[in-house]
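Colleague: Here is what each chain is made of, one letter per residue.
2 protein chains.
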Amino acid sequence: MKSFIIIGHKAVTAPFSLNDLPGAAGRMDILCRCINAALFLSHDLRRDVRVYLVLKGGSPEKLILFEGSRLRYLSPDERSAASLIKKALEKNAQEFWTESTPGVSIRKGDLADLLAELKTPYLNTGTGKKIIYLREDGMDIRGKKFEEPVFVLGDHEGLTEDEEKIIMEHENEIVSVGPLSLHADHCIVLLHNEMDRAEKRI
Amino acid sequence: MKSFIIIGHKAVTAPFSLNDLPGAAGRMDILCRCINAALFLSHDLRRDVRVYLVLKGGSPEKLILFEGSRLRYLSPDERSAASLIKKALEKNAQEFWTESTPGVSIRKGDLADLLAELKTPYLNTGTGKKIIYLREDGMDIRGKKFEEPVFVLGDHEGLTEDEEKIIMEHENEIVSVGPLSLHADHCIVLLHNEMDRAEKRI
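First to last, the protein sequences are chains A and B.
For the first sequence, the working numbering begins at 1 and goes up steadily by one.
For the second sequence, the working numbering begins at 203 and goes up steadily by one.
Please keep in mind that the hints were generated in silico from the structure rather than gathered at the bench.
Treat each hint with caution, since some may be false.
Capping the alpha-carbon separation at 27 Å, the derived lysine-lysine pairs in BS3-like fashion look like this [unchecked claim]:
id, chain 1, residue 1, chain 2, residue 2
1, B, Lys346, A, Lys200
2, B, Lys321, B, Lys347
3, B, Lys321, A, Lys144
Listed below are several chain A residues computed to face chain B (Cβ distance under 7 Å; list not exhaustive) [what the hints assert, rightly or not]:
id, residue
4, Pro22
5, Phe40
6, Ser42
7, Leu45
8, Ser176
9, Pro179
10, Leu180
11, His183
12, His186
13, Val189
14, Leu190
15, Asn193
16, Glu194
17, Arg197
We put the CB at the ideal spot given by N, CA and C, even for glycine.
Next comes chain A alone, as it looks inside the complex:
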């Protein structure tokens, strides 16, 4: 299983208009592109992927989960992912996961809650996962092996100091995908390619 956590610092926690994802919805377009990059193959879905969105643009913060193995109704376009996020936000979010559409669930919670949960056997995610995050001064991903990785990526604002501190409370590793600073969804494509190559041994 490969998990991606994407932090949306401005992403709203209430239903929003599909016609203004970057503005009124708080750069929800970024999260939608990350869902695409994490889950889509050509004419197929990556079934071994979970994408967690951390929506920080409202109170309380909310978490949304997209599970590749169970996902339905997702098309590659931003609006399609946004529509499933919106449907999740229409649910009355609890302290536990509630499924809104097949493969999409929502709960109240923040990054610390999520990382703590991923350390428990809940959702069969196992224990002791290493949290991997991207920074330009990190170790190059080329040739690296990732086992059951949990990647944390920020939106256009990157990760805040507070978020880095929360990550530091877990076993972690800092990696870099290349010489230039890239959008989160582009980083996800590069991470997948490295893991695809390792799995196929090319």
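Got chain A; can you put chain B on it based on the hints?
Modeller: Below, chain B without anything else, positioned relative to chain A:
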């Protein structure tokens, strides 16, 4: 200069609704994501990139050019790229390029016209460019050097036999980005990363 040609087999050649890019606009969402992947860095644009779209979903076929060095008003979301394409399609396209917004131009023409044009000194693109296209049986891109490359990518339908034949009339090379079949925009991210690494020698 790095050029990307994206073929939209169903992409409409008349103005379209921004609210249904995958359906009524003929998978225009794919072309929009390719524009994003080809042109965006984190908080910057790739100035040394040109993206050519081949719109085949109407008659006559039309070509649209996005030039990184001159581009304005483009945001990373699909709807933003779609809006600039729509504005271009509102122009009365001629046999020569007409600029619709800064850095975006349109003309009548098809893939053969475009490849012929790229062989001439027009647009300072030089002569004798090698056309590079992606296929799963191509040579791995890792470690390859690309000089003034012209990449050709298909949308969800890949390249047709006729399109491959047109490319075969030019000096060409077939490459592969990895072991799995990916969306065109994801391939562009991987091509850029390889070129970024070569330029920075990492």
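Colleague: Determine for every hint whether it applies to the structure shown.
Modeller: Hints versus structure:
1. Lys346/B x Lys200/A: Holds, because 20 Å separates the two Cα atoms, which is no more than 27 Å.
2. Lys321/B x Lys347/B: Between Lys321/B and Lys347/B the Cα gap is close to 20 Å, so the pair holds against 27 Å.
3. Lys321/B x Lys144/A: Violated. Lys321/B to Lys144/A sits at ~41 Å, over the 27 Å cutoff.
4. Pro22: Nearest chain B Cβ about 5 Å off; hint holds.
5. Phe40: holds, 6 Å
6. Ser42: Ser42/A check passes; min Cβ-Cβ to chain B is 4 Å, inside 7 Å.
7. Leu45: violated, 12 Å
8. Ser176: violated, 9 Å
9. Pro179: holds, 4 Å
10. Leu180: OK, holds: Leu180/A within 7 Å of chain B, min 5 Å.
11. His183: Holds. Min distance 6 Å.
12. His186: Since chain B brings a Cβ to about 5 Å from His186/A, closer than 7 Å, the hint holds.
13. Val189: Result: holds, 4 Å to nearest chain B Cβ.
14. Leu190: holds, 6 Å
15. Asn193: holds, 5 Å
16. Glu194: With a minimum Cβ separation of about 9 Å from chain B (threshold 7 Å), the hint on Glu194/A is violated.
17. Arg197: With a minimum Cβ separation of about 6 Å from chain B (threshold 7 Å), the hint on Arg197/A holds.
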